Each structure stands twice: as structure tokens, then as C-alpha cells.
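Participant: If you're matching them up, the sequences are chains A and B in order. The numbering of the first sequence is this note's numbering, which starts it at 1 and goes up by one. The numbering of the second sequence is this note's numbering, which starts it at 1 and goes up by one.
Everything labelled a hint here was simulated from the structure, so no lab data went into it. Among the hints, a few may not be true.
DSSO-like cross-link-like pairs, simulated, lysine-lysine; straight-line CA separation at most 30 Å [to be verified]:
| # | chain 1 | residue 1 | chain 2 | residue 2 |
| --- | --- | --- | --- | --- |
| 1 | B | 115 | B | 158 |
| 2 | A | 112 | B | 20 |
| 3 | A | 33 | B | 332 |
This structure is a prediction, so every number in the text was calculated from the model and none was measured.
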Amino acid sequence: MASQNRILLVEGETDRSFFCELLNKLNLQVAVKVAPPRDLGGSHNTKEGVFNYLPTLLNQSPDGSLVNLAVVVDADSEPNGGYQRTLERVTRIVSPLRYSLSSDPIGGLIYKHEDGLADFGLWIMPDNTQEGMLEDWLKQCVHPNEQALFNHAVSVVGELPFPPKFREIHKTKAEVSTWMAWQKKPGHGLYRAIEDNLLDTDSLLYQKLINWLRHIYSPDVA
Amino acid sequence: MLKSLVIKNFRSLADFEVAKLGRVNLIVGKNNSGKSLVLEALRIYAGNAHQELLEKIAQEHDERHFLDKNIKEGIEVSLPYEDLFTGRKFPKEEKPIVIGELENEDALKIYHVYKVGKDFVATDEEGNKETIKRPVSITSLELTGHRLIIGEGLLIKKKGDSVNIDFNVISPDFRRFATIDNPLPCSFIPTHLIAMNELASDWDSIALTEAEETVKDAMKIILPEFENLIFVNDSTYGESKAIRRIAKVKIKGLSRPVPLSSLGNGMLRILQFVLKIFPAKGGFFLIDEFENGLHYTVQEKIWELLFEMAEKLDIQVFATTHSWDCIESFSKVAIDRKDIDGVLFRVGRSVRDSDRGRVIATVFDEEALYSITQSDVEVR
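Just chain B, with the same shape it has in the complex (with noise of 0.2 Å):
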């Protein structure tokens, strides 16, 4: 569990600190504040940058994650994931991103990096020695002007062990491999619903445990004549294409399966909710405008049950949203359970002289919570 949070160089938070993180953590500000960005930091974060992260992370803001070879050269085009850094280009100097906690040296860096070919003696089986060139990734800073340059990446560290993503390699057979330390186990909620099939396959992995129990008890939270769930194959898709699955919901007093689907967003963001959390065991779980779907009176429970899985579980909760109603709901509960740590943080702008418009959080610990939720004060 991180305990504070320092993000720098990583898009519009050029050197932002968080000096208290809780067990459950909400994140406000205005539009385009950089809220979702604290998400996707964690993600990058827990994920130790990971290539295929990183690609689909580019992929979700239609940004370039390759090299594209047929581009003729003189027609300007960004390079891969520059615009992961602070101002969308790579830095002169050698800044890398840094994702990790307050003066821990355990940080994740990326660097971006040259290939560059060094001389190394070899010596064959005969005793002969050698000359060769291999390549190697430096700094911008360490570069000179005389070494040839053989290409660009990435360069990832995480505590002394680090990993190189190469922008020439594009094929996707042995990039997959390289990583660095075992990732965190990370569960993120986008604003937009997720797929059918993976709900499905999640509820898979815990039909019939424990847990499954607890995905029922959630789904009554909004519905409370619901009884039971079930995931099972789209009879209604042309036997062509692949198989869906969808979910299917027993309600009291209905003597016929009805259509999670129809039953409103609101279920279908819980069930999200719960099976996402699981995986998430040990790690982070992020969930993007906690509000969607979601009507007020029932958010206040939803925060008790987060509350209580996330302690359970040992997972670190972080969630943004816009609406007043969820910030009173987190309140409440972040009050009400003492035992368990809940911190709301405010992104926005600085209006000081020495770092005007940098992006800057405030921190809300329980009490001063308590103070701005019977207050008029601008907490959003």
C-alpha cells in the first residue's frame, strides 16, 4: 500500500505530491484537472510500465505506440510515447517519469533513451580478442555527438532491476518477455462499461467460492428482489461469430431468467465493481467517475462494501469523481469506519507566484472532511 504519492514528468503532472494516501482514496477536480491521470500513473505504476501497458494505455488516447516505417521521413510525426511526458515531447535533459512514493527510492522511472553502439573486446575460443559493437541505451544527457546513433526506447527501472523498450522492434514475438519485478495486482474501472465476455469470465473464476456470495450481496444493494446470477451463451448471435455470454438475473417472484442488460446501468456497474475488485487482491483498484450509474442513495453502501473488501483484501482504493453526492457518501463512511484510513484529494491549479498552474493536490484527512462536508466550501 503506498502511503503518499509523488508523480513527475508524466503528462500535465510535471511534479505533483500527494503527502498522505488512505486505504481508500477519492479523487476531485474540475474537468481536465488531471484527476484520470493519477489512475493511469497508478496503472503504469502497478503494471511496472509494461510494454503492453503501456500500448494499450497509447491505444485508449488514440497516441502512437510505434514506429511507423512507411511514414516518409520530413513529414512530422511524434515518436512513440512521447506523449507520456510532461509538454508531449521527450526531455532535453534527462528527466525521467517517476511514479512511487515520497522519498522512496523504490520508485518506477521512465527514461527515454538513445541506442548507441559501444565497442566491447570479445575473445573467441581461440584466444583471439576482438572488437565489437553492441548496442547500448543512453541518456540524452550522456550522449555526445560523435557516437552513432542506432536508434530510440524506453528505459524502465524499478528498485536497481530495469528493462528497455526498443521503438525499432515492433514485432510482437519476444518484446513480451521483458519485465521488471512482479507486477502489482491492478483492477481498473473505466467510465465506460466493460466488455460482457470478461465480466463473464471473471465471474468464472469465482462461481461457486465464497466470493461469489458477496457479488450477490452487492447486486441486492440496488435491487433487492434480486436472487440469483447466472452467466450463459447469447442464443440470439448468429452461430458465425464467436461466443458471447451474458448475464442473467433470478428475481423474486419472477418465474423466468430476465437480462442483467435490462435491468440498468446501475447493476451492471456494481456487478463491474465487484468482480473487478477480487483480482485486485494485494494491489490497487482504480475506478474512474465512481458515480457513473449510480444514484446517491445507494452510494453510501457501495463505500461501505469498497471499505470493507479493500481491507479485507489488502487493496488499495482510488476513485475520482465530480458529484457532491459521492463526496458525502465517501465522507460518511471514511468517518464512520475509524479503523480504516480514507483520504479525499482535491487536483487542481496552483494560484501561487512560485509554481502558477502547476498541478497540485490537496489533502482532506477525515477531519478536515467532516469540517467541508457541512460546509459551503468548493470541494470539487
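Extracted from the complex, chain A is given alone in its bound form (with noise of 0.2 Å):
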């Protein structure tokens, strides 16, 4: 059995090849293992798996078999989601266990524990303001050569001639998946906008995400 005590708890199998292939990139000293609940033990890749499983997972910590945890969770939207109701749930979640969220975030949230465990890391998709999900942070993070092509993908998304399938907060994911169906390698994961290079990396928000793990998994930490 592998061992591993630095994970990265993400609600499903999109988002963990996603982040596999940012944290490749980022060339860290430490290697992480990128999860959904279920890779672990939970019982649900959702948003609401990953709230189950955070404790037994923090528990860990004490005798450091756990090392270093963040969570990239969605925000989704109002009225069961949303940024402050997500935020929130997991303040609740992670209280009882010493955790309490840091006045100085750096890039994403961070939680700092009251007994010195390294400082448990939080990311509501896509900025930890907006309502939203993966898509949106990419949305955001389009490389200025893709823009146009990009925006031709919002606009034939925006003009099909038929009434559209999706529900309405699902639209930034029709784009995106429009615009990664018109790449070198139409039909894989968003990861591939990573491998193309398809994203800009000087952007705020690729730094902010960027600047946030590099914290939460500096081997220094630990």
C-alpha cells in the first residue's frame, strides 16, 4: 500500500486529473496525491462527500500520518451553495478540531491550526467570492492567444439555434467544454488545457491558485 500524507481532497474525477496536472507543473519538492472522496474510503465524489470524509481525514493529523490537507470545493449557487454557505460549512466542520480561518489568506483560504498542525488549506471555486465551479476560475484564466476562439465558442454557445439542454448555472461549462472540443485533442479532460498550454499563468487568479498551494504543500511546513 502506498503511503501518502499529503492530499489534496477535490469532489471528482474532472477535477482530480485537473489538479494532477497542475501540481506536475509546479514542480513541488513534496508529491501529493490528488483525491475524491471515494480514491479514499468516502462514499460520495460530491461536494457533500468531501464535507463528510474532511474529519476522518483531519484526524489524522495529530501523530502526523497526515502531513498537509487542503480542499477545492465548488461554490455552486445560492440557494444551496454560494461562496459564504460553502465557507461557512466548513468552518463548522473543521472548529471542533482546532482549526480557525486565517485573517491573511494567501492566494486561496487557509485555516490555521491552534496547536502548530500545518495550516489546513481551503479553495471555493473559482475565486473564493463568486458563485461558480471549475469552468469559471478557467473562464478567467484563458491565455490571450486562445481569447479569440474562446470567445467564439461563448458566442456559438450563446446563439444555438436550439433551445439548449443545460441548465443555465451549467453555461460556463458548455463554453469550456465547446472551446476544449476545438483543441489538439478534443474529448479529454480539462486537464489538457494545462498540457496545451491553453491557460495563461501570468493571470491573478492562475497566481492566486498557484501561490496557494505552494503554501499549503511547502515542504517546510511540515
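Two chains, two frames, some hints: make the complex.
Facilitator: Here you go:
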């Protein structure tokens, strides 16, 4: 059995492959396992599954069996989701374990432990402010060379001569998927956006995300 | 049955707590983490720290358990049982070894004490009063510079009862009687194999009973062709020596018995388990390194047997392991047997600021066990 003490917990397979690719690119000095709940023995690959599994994982920290943990979830939208609601939910789960939200966010959200355990990281997609999901983050990080093609995808989706089958909140998903369908290797996951250098690595939001990841998984924190 | 566990000031377990125990408990942890010490503490708890038991434990570790009068003063020697205390020396303050349940006053306590002479007024037959000195035990806290220290020892307390172990008294004749409370039945399976003669006498006490059938069924877990078992005197042993008994096994299709020892460690190990579990009725059954000699394919069946027997005989089982296979097989049975509580706890060292290095327990109940066995999270 592989030993894994640095974990990035995500909602599902799309996020898993995306963040695996992103972390590869970052060249961190430590190995990080990116996993949705079911890969770790949780019951469901959903946002709820992430929340349910969080205490079990954090309980492995006091004796060093788990060194670093961060979570990426979608804010989704009101009335059931939204940034504020998601933040409050996570805070309710981790505060009995003596983690409290730091007022000094490093890119993403940081929870500090009262008794010296490593910081616990939270990123609420897209940008720790607005409603949305991973695709909304991507939309804000499109490379300048790709912008024209992306804009075209947006207009195609917007001008569909048929009634859309997707819900309005999934419109960005449709736009990003359409744009990705016109790339070198259509039909793969969102991770191709990183592999094919379709993202603007200098964009503010991209930089925020990687700074946050570097902070959580920096080896000297362990 | 203990519902929780607290161990204080005992070897490296300075302040160790397990909030929840089950009927069957598996203890995991790295080498030298202290998991075997938990078993040792439970042996001492069950045996009420009886002197004979403490001597046996000291001998297992090559530690001192008597004062050697022949050693000249000035040479640095340890006092008997000093190694039992955290830091391998007697505490300066009054800090006893504590073994018991959380928030339960009935815990076993072992104090290091000094013997001092105390004045007592005695009245003889003619009514004359006379002051005599009698030795009493006091802890270092009560010790003042004025009194003459006659000796040192241990004071053992449990449920309001107490008994002394005096380091100066080495005669085996009268100290053996000192005991408090009734000891709890306790069987301990060490990592090495138990002597055949001991197993033979355990066999004698269950022969021709229902328990004998249980033993035979257990043997079939490893060797389905197993038919029967007996202990016989070893004829190859020299006449001058004491009687040595060995186990012989009847195997299906073979006309003559074969020595059990020729069938591999697994058979010997499982025989130990089943022969030693009956005397543990109503008490503890402790296994150091469960997986020793047992291939992973048979471990699940052995856990099933242990869960079943533990419930039937009202035994609380504690086992240690290094093996992931053992954790998996334990978890599977613990989850399947919803009626019997199985708990796994990991012994490790804190990385928190307030108690860095302290030996702590991380408990996995059945739900957490399920998660953890499905995952890559390091449990051991």
C-alpha cells in the first residue's frame, strides 16, 4: 500500500485529473495525492462527500500520519450553495478540530491550527468570492492567444438555434467544453488545458491558486 | 471490560489515553511506538501489579527487580523497577503509574515509596505505655529530611486496597501472599512461541470438553486435512531429563501421527491462540504481533474465531500488528460483525506544539475503519 501523507481532496474525477496536471507543472518538492472522496474510502464523489470525509482525514494529523491537507470545492450557487454558505459549512466542520480561518489569505483560504499542526487549505471555486465552479476559474484564466477562439465558443453556445438542454448555471461548463472540443485532442478532460498550455499562467487568478498550493504543500511547513 | 484506557507515567506512555475501546482491539504503530507497552500495562492491570508478575516482566526486559547487596556503594546501579517509570527513574514528585479507565477511581496505581520508622504508642498487658518504631510507607512528597529512611519500595493501590513491595525483602517465602483484589484472568501471547509443556497442560484442562472441539476446528482453518491432536511424552528425550511433552497430529490419509512442530509456525501459533483463550474467560486476551506465522489468507478466519470466542467467553481482546493484511482482515470482520465492537487504534507521537513527542492514540471506530481500509491513508 502506498503511503500518502499529503492530500488534496477534490469533488470528482474531472478535478482530480486537472489538479494532478497542475501540481505536476508546479514541480513541488513533495508528493501530493490528489483524490476525490471515493479514492480515499469516502462514500460519494460529491461536495457533500468531501465534507463528510474531512473529519476522518484531519484526525490523522495530530500524530503526523497526515502532514498537509487542502480541499477544493465548487461554490455552486444559491440557495443551496454559494461562497458564503460553503465557507460557513467548512468552518463548522473544522473548528471543533481547533482550526480557525486565517485573516491573512495566501491566494486561497488558510485555516490555522491552534496547536501548531500544519495549515489546512480551502479553495472555493472559482475565486473564493463568487458563485460558480472550476470552469468559471478556467474562463478567467484563458491564454491571450486562445481568447478569440474562446470568445467564439461563447458566442456559439449563446446563439444555439435550439433550446439549450443544460441549465443556466451550467452555461460556463458548456462554453469551456465547446472551446476544449476544438483543441488538438478533443474529448479529454479539462487537464488538457494545462497540458496544451491554453491557460495564462501570469493571470492574477492563476497565480493566486498556485501560490496557495505552494503555501500548503511547502516542505518546511511539515 | 474496559470501556476506555488511561496509562500514565508508565515507561514511554507518560500520559496516554484511548477514549473508546471495543470488545476486540487492534493496536497499530511503528516500531518502538509503544504498542507492546499497552499490552504490558494491561497485563500489570489485570494482575494487580503482583510482585511475581512484575518480576517476570522485568526479567523479560533484562531489568532489575531486586536489590543486589553484593554491589558496593558508589557504583551506579538502578533501583528495582525503576525502569517501569517514565524516564527510567522514580519521579521526584508524587506521580504514580496509573492504569485503568478514564475518569474511574478504580484504576491501578503504583507509587514509589520510602520506608520510614514512625512512632507508635503501644500498651502492654500490664497497662504500661511504650513508644515503639514501626516501619510505614510514605511517598517522596511526605518525606522530610528528619526521618530515617529504612528502605524503599513500591506501594500498589487499587479500589481503595493497597499492598507493598519492599526492595529489601528478597526472601521468596512470605512476600508472595501479598495481593490486592482478585486478579483478572489474562492470557498473553508473546511474539515467540510458548513452550510445548505449557501448551500441553492447557490442553489437559480442556481435553474431552466442548472446548476441545473448538481447538480442533481452529486447526482446520490452516490445515483442512487435520483430524485430531494429542500430547504425548517425547520418547526421544534422554531419561535423566524432565518429562517433555510434544503435540502429535492425525492427518486425513496418513496412517501415522506427525509432530505438530513439523507442520509449520502457523499451526503452532493458532494452537496457542485457542488453548490460551479459554483461561482468559472474563478477562483479557493479549496478542503481541498477531500476524506472526499466519499467512494473510487465513487471518480473516482467525479474526472471526476470535470475535466469536471473545463475545462468548466475555473476553476483551487486544492485539498488536505491523501488517496491513492484518488491519484489512480485522476491519472486514469488525465491519461484518456489527454485534461485536471492534476498535483499531494507532499509537504514535504527537506533532502538536503543546505536547510534541508525547505518545498518543488515534482511534478508528468501525465507520472510520471502513474508510481507511478503502484508501491509501497510512494507518500503520
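Participant: Mind checking the alpha carbons of residue 112(A) and residue 20(B) for me, to see if they're no more than 30 Å apart?
Facilitator: Holds - the C-alpha atoms of residue 20(B) and residue 112(A) are around 28 Å apart, at most 30 Å.
Participant: For the pair supplied as a hint, residue 115(B) and residue 158(B), is the alpha-carbon distance within the 30 Å limit?
Facilitator: 20 Å, holds
Participant: Regarding the pair residue 33(A) and residue 332(B), is the alpha-carbon distance no greater than 30 Å?
Facilitator: OK: residue 33(A) and residue 332(B) at ~25 Å, within 30 Å.
Hint check: no violations occur; every hint is consistent with the structure.
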